[in-house]
Every structure is written in structure tokens, then in C-alpha cells.
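Assemble the complex: chain F is given as a structure, and chain E must be docked to it using the hints.
One letter stands for each residue in the lines below.
Number of protein chains: 2
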Amino acid sequence: MVQHSAGLDIAFGALSDRTRRGILARLGRGDASISDLAANFEMTLTGMKKHVEILEGAGLLTTKKIGRVRRCRLGPRRLEEETAWIAKYRQMLEARFDRLGEFLEHSKGARS
Amino acid sequence: MVQHSAGLDIAFGALSDRTRRGILARLGRGDASISDLAANFEMTLTGMKKHVEILEGAGLLTTKKIGRVRRCRLGPRRLEEETAWIAKYRQMLEARFDRLGEFLEHSKGARS
Numbered sequence: 013m014v015q016h017s018a019g020l021d022i023a024f025g026a027l028s029d030r031t032r033r034g035i036l037a038r039l040g041r042g043d044a045s046i047s048d049l050a051a052n053f054e055m056t057l058t059g060m061k062k063h064v065e066i067l068e069g070a071g072l073l074t075t076k077k078i079g080r081v082r083r084c085r086l087g088p089r090r091l092e093e094e095t096a097w098i099a100k101y102r103q104m105l106e107a108r109f110d111r112l113g114e115f116l117e118h119s120k121g122a123r124s
Numbered sequence: 013m014v015q016h017s018a019g020l021d022i023a024f025g026a027l028s029d030r031t032r033r034g035i036l037a038r039l040g041r042g043d044a045s046i047s048d049l050a051a052n053f054e055m056t057l058t059g060m061k062k063h064v065e066i067l068e069g070a071g072l073l074t075t076k077k078i079g080r081v082r083r084c085r086l087g088p089r090r091l092e093e094e095t096a097w098i099a100k101y102r103q104m105l106e107a108r109f110d111r112l113g114e115f116l117e118h119s120k121g122a123r124s
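Those protein sequences? They're chains F and E, same order as listed.
With the working numbering applied, the first sequence corresponds to residues 13 to 124, in that order.
With the working numbering applied, the second sequence corresponds to residues 13 to 124, in that order.
Check each hint, because a few of them may be wrong.
Pairs of lysine to aspartate or glutamate, DMTMM-like flavour, derived with a Cα cap of 20 Å [unchecked claim]:
(1) E:Lys62 <-> F:Glu65
(2) F:Lys62 <-> E:Asp21
(3) E:Lys100 <-> F:Glu68
(4) E:Lys100 <-> F:Asp110
(5) F:Lys100 <-> E:Glu54
(6) E:Lys100 <-> F:Glu117
(7) F:Lys62 <-> F:Asp21
(8) F:Lys77 <-> F:Glu92
(9) F:Lys100 <-> E:Glu93
(10) F:Lys100 <-> E:Asp43
(11) F:Lys100 <-> E:Glu68
FRET-style restraints, in silico, Cβ to Cβ [stated by the list, open to error]:
(12) E:Ser17 <-> F:Thr58: 31 to 39 Å
(13) F:Pro88 <-> E:Lys61: 33 to 41 Å
(14) E:Lys61 <-> F:Glu93: 47 to 55 Å
(15) E:Glu54 <-> F:Thr95: 23 to 31 Å
(16) E:Ala51 <-> F:Glu65: 19 to 27 Å
(17) F:Pro88 <-> E:Thr75: 38 to 46 Å
(18) E:Leu112 <-> F:Ser45: 17 to 25 Å
(19) E:Arg111 <-> F:Ala96: 20 to 28 Å
(20) E:Ala37 <-> F:Val81: 38 to 46 Å
(21) E:Gly69 <-> F:Gly69: 23 to 31 Å
(22) F:Glu117 <-> E:Leu116: 56 to 64 Å
(23) F:Gly42 <-> E:Arg82: 23 to 31 Å
(24) E:Leu116 <-> F:Leu112: 49 to 57 Å
(25) F:Ser45 <-> E:Lys76: 27 to 35 Å
Covered by chain F, according to a simulated footprint, are these stretches of chain E (three or more residues, beta-carbon under 8 Å) [stated by the list, open to error]:
(26) 36 to 46
(27) 107 to 113
To be clear, the hints were calculated from the coordinates, so they are not data collected in a lab.
Because the structure is a prediction, the values reported are computed rather than measured.
Ideal Cβ placement from N, Cα and C applies to all residues, glycine included.
Looking at chain F on its own, in the form it has when it is part of the complex:
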């Protein structure tokens, strides 16, 4: 579970902000310019640029300059490692609960 640590740090960090998650949800409905996004989220252009840079650095969106406008598009990062990490955590948690359940079951049996 330790491989690709830097990538996971960056992706989870990028997802830890509700505005950034909102931007991704917005791009799921179609590409948008940084000014569109700034207007959608009632934010300054400078503020929005910072969020877009973080998401781009995490591979969660790409930008392309067309004339004077920078367009944002979802992807390409598929969050496969992040999905796998969370699935592994949930599996560990289930296993811990199962062991606790067995222990309680065993203790009950020993008392009766």
C-alpha cells in the first residue's frame, strides 16, 4: 500500500476541497473556460486559476489555450489507485470488525 505515495498525496489533496470537487462535477457536464468557472463559483479569476492549477497538477483536468481563452476538460486521471486504496482500507476495517465479532462470540460462549 505504500507505492505511488506521491500521486495519492496529490490526488487526495486535490479532492479535499469542495470547490475543486465542484469544478470537476461542472466539467463532467462539459468543458469550460476558467472565466466560466470563476463566474459559476462566484470567485475571482486569480482564485479560480489556483484551483485549476492544483487540479491540473493532479491530472484531474487538462487545459488548452484556444485564442485568448483557456479551456478546461475533465481527466485524464482515472483515480484507479485512489479507488484501490479506499477499497483496501474498507477491507481492513471489515476484517477488524469480523475479528472483534468472533472475539465477542467466543467470550459469550466461554461465559455460558
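Relative to chain F, chain E alone:
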């Protein structure tokens, strides 16, 4: 996709650090005291306490004082919302790729 924003912020933030993910993986193998964890990760007790507090705040571990020792245990947060959020992102990404594919297919047909 906007509900439970604060919870998602906190959970993704907690997961955005490789040491904290390492602590969870370690607790998956069994409960541990903060001193055990500090030794495992070659970190000061103060540094480890901060990580444990963040994970506890995110519901990813619980602590219990037994005598003079504070024990850490995995859970109870199941990361269900986080799993759902990532699944939704991946679904949006697939849909965007599909639409792009259809567009390219259509353009190809128009040219031939």
C-alpha cells in the same frame, strides 16, 4: 454531489498524507499505542499525536486511554461517501470519453 462537503473535505484531507495512510495500514494489522506508531514511523511522539488527531477527527481511527497508554483502533468511518464520489467522477470521465469518441466517429463518417 455537493452534500456532506465538510465530511469529504476532512476525509480526503486526512488521506492526503502518506504517513497517515501508513498509520491506517498499520492499524489494519492490529491496534497500536501512539508510542508504538511513533516508533514504527520513526517520528516524535508529538508529530505522531498530530497525525492521530487528524485521523481521529476524520473518524478513521478511535483512541482509548488504557492506564497511561492511548491505544488506536481502525474505524469507524467506512469511506462510503468518498467511494461514491470517486465512482461518480469516474462515471463522468467515461461519459466524456464516450461523447468524444462518438464525435470523432461522426467526423470520420462525414469526411469519408
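To see whether the hints hold, each was checked on the structure:
1. E:Lys62 <-> F:Glu65: violated, 28 Å
2. F:Lys62 <-> E:Asp21: holds, 17 Å
3. E:Lys100 <-> F:Glu68: Holds, at about 19 Å.
4. E:Lys100 <-> F:Asp110: This hinted pair is violated, its Cα atoms lying about 29 Å apart.
5. F:Lys100 <-> E:Glu54: violated, 24 Å
6. E:Lys100 <-> F:Glu117: violated, 38 Å
7. F:Lys62 <-> F:Asp21: holds, 18 Å
8. F:Lys77 <-> F:Glu92: Distance ~28 Å between Lys77 (chain F) and Glu92 (chain F) Cα, so the pair is violated.
9. F:Lys100 <-> E:Glu93: Roughly 15 Å separates the two Cα atoms, so the pair holds.
10. F:Lys100 <-> E:Asp43: Cα-Cα ~17 Å, so holds.
11. F:Lys100 <-> E:Glu68: holds, 19 Å
12. E:Ser17 <-> F:Thr58: 31 to 39 Å: violated, 23 Å
13. F:Pro88 <-> E:Lys61: 33 to 41 Å: Between Pro88 (chain F) and Lys61 (chain E), where Cβ atoms are some 39 Å apart, the hint holds.
14. E:Lys61 <-> F:Glu93: 47 to 55 Å: About 28 Å separates the Cβ atoms of Lys61 (chain E) and Glu93 (chain F), which means 47 to 55 Å is violated.
15. E:Glu54 <-> F:Thr95: 23 to 31 Å: holds, 30 Å
16. E:Ala51 <-> F:Glu65: 19 to 27 Å: With Cβ atoms ~38 Å apart, the hint is violated.
17. F:Pro88 <-> E:Thr75: 38 to 46 Å: Holds: the Cβ-Cβ distance is about 40 Å, inside 38 to 46 Å.
18. E:Leu112 <-> F:Ser45: 17 to 25 Å: For Leu112 (chain E) and Ser45 (chain F) the Cβ distance comes to about 18 Å; the hint holds.
19. E:Arg111 <-> F:Ala96: 20 to 28 Å: Taking Cβ atoms as reference, Arg111 (chain E) and Ala96 (chain F) lie about 27 Å apart, which means the hint holds.
20. E:Ala37 <-> F:Val81: 38 to 46 Å: With a Cβ separation near 44 Å, Ala37 (chain E) and Val81 (chain F) satisfy 38 to 46 Å, so the hint holds.
21. E:Gly69 <-> F:Gly69: 23 to 31 Å: holds, 26 Å
22. F:Glu117 <-> E:Leu116: 56 to 64 Å: holds, 58 Å
23. F:Gly42 <-> E:Arg82: 23 to 31 Å: violated, 50 Å
24. E:Leu116 <-> F:Leu112: 49 to 57 Å: holds, 53 Å
25. F:Ser45 <-> E:Lys76: 27 to 35 Å: Since Ser45 (chain F) and Lys76 (chain E) have Cβ atoms about 52 Å apart, the given range 27 to 35 Å is violated.
26. 36 to 46: Contact hint for the region 36 to 46 of chain E vs chain F: holds, 4 residues under 8 Å.
27. 107 to 113: Since three or more residues must qualify, the claim that chain F covers the region 107 to 113 of chain E holds, with 3 doing so at under 8 Å.
Of the numbered hints given earlier, the model fails hints 1, 4, 5, 6, 8, 12, 14, 16, 23 and 25; all others are met.
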